[in-house]
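**Q** Starting from the given sequences, assemble the full structure and let the hints guide the process.
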Amino acid sequence: MSLPSCLPRLVLASCTVVILASWPSLIPASSAEPAVTISNFAFVPDELKVAAGSAVTFKNGDDTVHSIVADDGSFRSPALDTDGEFSHTFSQPGTFTYHCGLHPFMQGRIVVQ
Amino acid sequence: MSNRSGTDHRASGLTRRHALECMIWAGTGIMWTMAGGVPKPLNLLGEAQAAEPGPQGFSFLQISDSHVGFDKEKSVTAVDTLQEAIDHVKALARKPSFMIHTGDITHLSTAAQFDTAEKIIGSTGLDVHYVPGEHDVVDEGQGQAYLDRYGKSTKGAGWYSFDKEGVHFIGLVNVVNLKAGGLGFLGPDQLAWLKQNLSGQSASTPIVVFAHIPLWAIYPEWGWGTDDSAQALAMLKPFGSVTVLNGHIHQIIQKVEGNMTFHTARSTAFPQPAPGSAKAPGPVIVPAEKLRGMLGLTSVDYVVGKSDLALTDSTLASA
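Chains as they are written, first to last, in the UniProt record's numbering: chain A, 1 to 113; chain B, 1 to 319.
Hints listed in this document are in silico derivations from the structure and should not be mistaken for laboratory results. Relax, there's no trap hidden among the hints.
Derived lysine-lysine pairs resembling DSS-like cross-links, with alpha carbons at most 27 Å apart: (1) B:K74 / A:K59; (2) B:K95 / B:K164; (3) B:K72 / A:K59; (4) B:K152 / B:K95; (5) B:K164 / B:K255; (6) B:K279 / B:K74; (7) A:K59 / B:K279; (8) B:K237 / B:K195; (9) B:K179 / A:K59; (10) B:K119 / B:K74; (11) B:K179 / A:K49; (12) B:K152 / B:K195; (13) B:K195 / B:K155; (14) B:K255 / B:K237; (15) B:K279 / B:K72.
Some residues of chain A that are not near chain B, with every Cβ distance over 10 Å (derived): (16) A52; (17) S54; (18) Q92; (19) P93; (20) V112.
Only part of the chain A face toward chain B is listed, based on derived beta-carbon distances under 7 Å: (21) F41; (22) T64; (23) D71; (24) L102; (25) P104.
Note that the Cβ used here is the ideal one computed from N, Cα and C, for glycine as well.
**A** This is the structure in structure tokens:
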């Protein structure tokens, strides 16, 4: 997206702050148990940064079934019905992309630092 | 896409010898009447029952998305509405020759859910030709539970064909090995099998293809399409009469393109929103009194010598 060049620098700066604050992936995970929630057929947040060795919990908040499948096949949850949870420990640094096994247009990534 | 109803507009100029009438109920199923390869929807079960298949021919019923195990609407569960749908089937004055089930028999692929579905659907005494939905392959074996029950005489993940009085039926599986970011997926093995399977058919043979996820792009943003269906449809293009029956989206949407007619059936369990009309394609939870008007079945009649094809959709409420 390109912004109009005439936009005052101050407005531009404050917009940037708002965008940063509302962008979950840019906020370091601070809770003890990093978590991804499934809501309205989307992973929230769709990108989560965690420290190596962290266990990430995925929780299904939808009224239908979802699952968590690593794109590279390295992990796969069972089918998660409403409120179902799945945990996976990410031992090694790297970026791990995953999708829903039933609805593969749902995608997310875990960035392990 | 276009919704069509009433007498088929393409049929009059056709010289096809065969006619298929499909009856599809919505929610319990849909009734289709197909003639000459073109489906014609009839909107009430009463009309569907009135549609005579002619002296030669047969009818079959499409049932879809039973989701046995789904119970978010506590007062009327998916088991209850499946039972109601099957009760309607058993009460039909004119018995269909067989049924097809276009997937999502169960909600979670458990043995208990498959057992319940089998008990209810089997009570019709009709042969049922199944294809799996994505909810039927979420067992630990990723589809093995389905294949153990319904995979006899099938290839790969469960695809197969059969013939009935000159009509060639093909059941395809597009719910396994789904790719990240993708839609439904047939895969190269199944496409190779399809090519071989069709090579033995004459162009005048009416073809009915059924699969769970739509084989045409209804709304890819919600996964309502199949990544490699264009290859399958290209193979089907030379045939004079092709009818594609799908489920998955829990609502009736139709399209006619050349000699191909596409139709999706209602669910027997719960409705889903119209494409793009909600934030996500999740179940629409509605009160029991409204629910039956959004569920249904489909029935299809094949009539030899008729040049048009008719389709009937009706709901549990109207039935």
